[in-house]
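Peer 1: If you read the sequences in order, they're chains W and B.
Numbered by the numbering used here, the letters in the first sequence go through residues 265 to 442 in order.
Numbered by the numbering used here, the letters in the second sequence go through residues 338 to 597 in order.
The reader is advised that the hints may include incorrect statements.
[As the list claims (entries may be wrong)] For the chain W half of the interface with chain B, some residues (derived, Cβ under 7 Å), not all of them:
1) Trp276
2) Arg304
3) Ser305
4) Ala326
5) Leu329
6) Ile348
7) Ala355
8) Ile393
9) Ser394
[What the hints assert, rightly or not] Below are the EDC-like pairs computed for lysine to aspartate or glutamate, each with C-alpha atoms no more than 20 Å apart in a straight line:
10) Lys351/W / Asp461/B
11) Lys282/W / Glu312/W
12) Lys351/W / Glu373/B
13) Lys542/B / Glu312/W
14) Lys528/B / Glu577/B
Worth flagging that the hints you see were computed from the coordinates, not collected in a lab.
We treat Cβ as the ideally placed atom computed from N, Cα and C, and that holds for glycine.
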Amino acid sequence: MVAAATSLATAWIETVWKALAAVTDPEIPVISVVELGIVRSVEWRADELIVTVTPTYSGCPATELIAADIDRALAATGIAKYRIETKLAPAWTTDWIDPAARDRLARFGITPPGVRSSDPLRAIDVSAISRRRTAEPVACPRCASRHTRELSRFGSTPCKAQYRCEDCLEPFDYFKPH
Amino acid sequence: MSSDRQLFDYLLCLGDSALVLSQRLGEWVGHGPVLEEDIALTNVGLDLLGQARLWYAYAGEVEARFASAGRGEDALAFLRDSGEFRNLLLVERPNGNYADTMARQFYFDHWHRLLLARLVQSRDARIAEIAAKSLKEVAYHVERSTDWVIRLGDGTDESHAKMQAAIDELWMYTGEMFDAVETEIALADEKIGCDVRALAEPWQKTVADVLAEATLVIPMGTWMQGAKGRGGKQGLHSEELGRMLATMQTLQRSYPGAQW
């Protein structure tokens, strides 16, 4: 009896992960919330299934929409009792983005995040800012040229910066390492 | 031993500076010099708004421990008068021209970053996690406003003159950032808050380095607005805050409890 209940509980967790894998980011439909790394855990607490999510940027307008989409996906599984909880720590990082999803981002026209240079406590390098140098050159998602230029540190969403390729001359989004 | 009342006040200081600056940046919507800047300013504003919400949510929970009920984020943002706001005077300064907006952001961002970097170590786990989340976002804000101060300062004669004027004009509002009030000292002693007096030296050093790179002269004035316990953290504000709140709060004041 106990073993059967346990395997049922485990099966529900698998079902929920599968359902969440089908929930995509509203702004970047080629990546799921699981691949984005914002679903931190799915676990039972007594008879309630707790799905823990973490926000990307604290003011990202997509956060509430994503929560509503997750809620709809959970309801559709038919699970009796569940709850979505938000957790801030540890803070979300682009390092949690699934490697497979990174290639899809590039094909979608968004250069995936590079290596995170951001120790937020590092000393400010005034001359690097002045020369507008990034830790590594950002490649164009269309022609792969590394001859690119930052247009603005913020793009269509808080997580992206706007760049322009100096070779194919197309503008593109860069998913900022965060 | 600090009280919940002091912790509540402290959280309001943090939330109010973020909210007021966010609202100021929002005033640029549709007025930015180019589309990219319009978008960037509102993205910085959104980050700050998100951070204000986190501070307010926690403040409301703390308030419930000593008052009959804790207020929610909307009540804290929309139903308090200017005398109840605890933000720094710097962030309520009007937008002015682009140099004014960037100078204000530059002074604030460098202070904000130093503050959050210390609050990450707070013994209060909630403060520590909100600070850690915010610090990552503020790292971009710092780079952006620093970049603009250098570009405009080391730009044309006109942009240089405007940036120098903005840097000079706002200087007198920076003293308050390093003027610790009783609540801050009490919370800093318990390693919950940060003693802002310790931020003055690293802030001045970075600001001096950037201004030198920007070919700007660091202001030398020593008279500071709002110092000696008579500033924003005590609820003493310029009339500019009242006007800003009138715009920001009008909907909730006219239609209490409105939802959309």
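Peer 1: Each hint needs a verdict: does it hold in this structure or not?
Peer 2: Against the structure, the hints come out as follows:
Among the interface hints, the one on tryptophan 276/W is violated; its C-beta lies about 29 Å from the nearest C-beta in chain B, farther than the 7 Å criterion. With a least beta-carbon distance of about 13 Å to chain B, the hint placing arginine 304/W at the interface is violated under the 7 Å criterion. Annotation: interface hint on serine 305/W violated; nearest CB of chain B at approximately 16 Å, more than 7 Å. Here the hint on alanine 326/W is broken, as its CB sits about 11 Å from the closest CB of chain B, past 7 Å.
Violation of the interface hint for leucine 329/W is found here, the shortest Cβ-Cβ separation to chain B being roughly 14 Å, above the 7 Å cut-off. Interface hint status for isoleucine 348/W: violated, as the beta-carbon distance to the closest one in chain B is roughly 16 Å, over 7 Å. The interface hint given for alanine 355/W holds, since its Cβ lies 5 Å from the closest Cβ of chain B, which is under the 7 Å cut-off. At its closest, the beta carbon of isoleucine 393/W sits 5 Å from a beta carbon of chain B; the interface hint therefore holds under the 7 Å criterion.
Using the Cβ-Cβ criterion of 7 Å, the hint placing serine 394/W at the interface with chain B is satisfied: the shortest such distance is roughly 5 Å. Simply put, lysine 351/W and aspartate 461/B have alpha-carbon atoms about 16 Å apart, close enough for the 20 Å limit, and the pair holds. Pair hint lysine 282/W plus glutamate 312/W holds up; C-alpha atoms about 18 Å apart against a cutoff of 20 Å. For the given pair, lysine 351/W sits about 32 Å from glutamate 373/B by alpha-carbon distance, which is inconsistent with the 20 Å threshold.
Among the hinted pairs, lysine 542/B with glutamate 312/W is inconsistent with the structure: their alpha-carbon atoms are about 53 Å apart, more than 20 Å. The straight-line distance between the Cα atoms of lysine 528/B and glutamate 577/B is roughly 34 Å, outside the 20 Å bound, and the hint therefore fails.
The structure shown violates the earlier hints numbered 1, 2, 3, 4, 5, 6, 12, 13 and 14.
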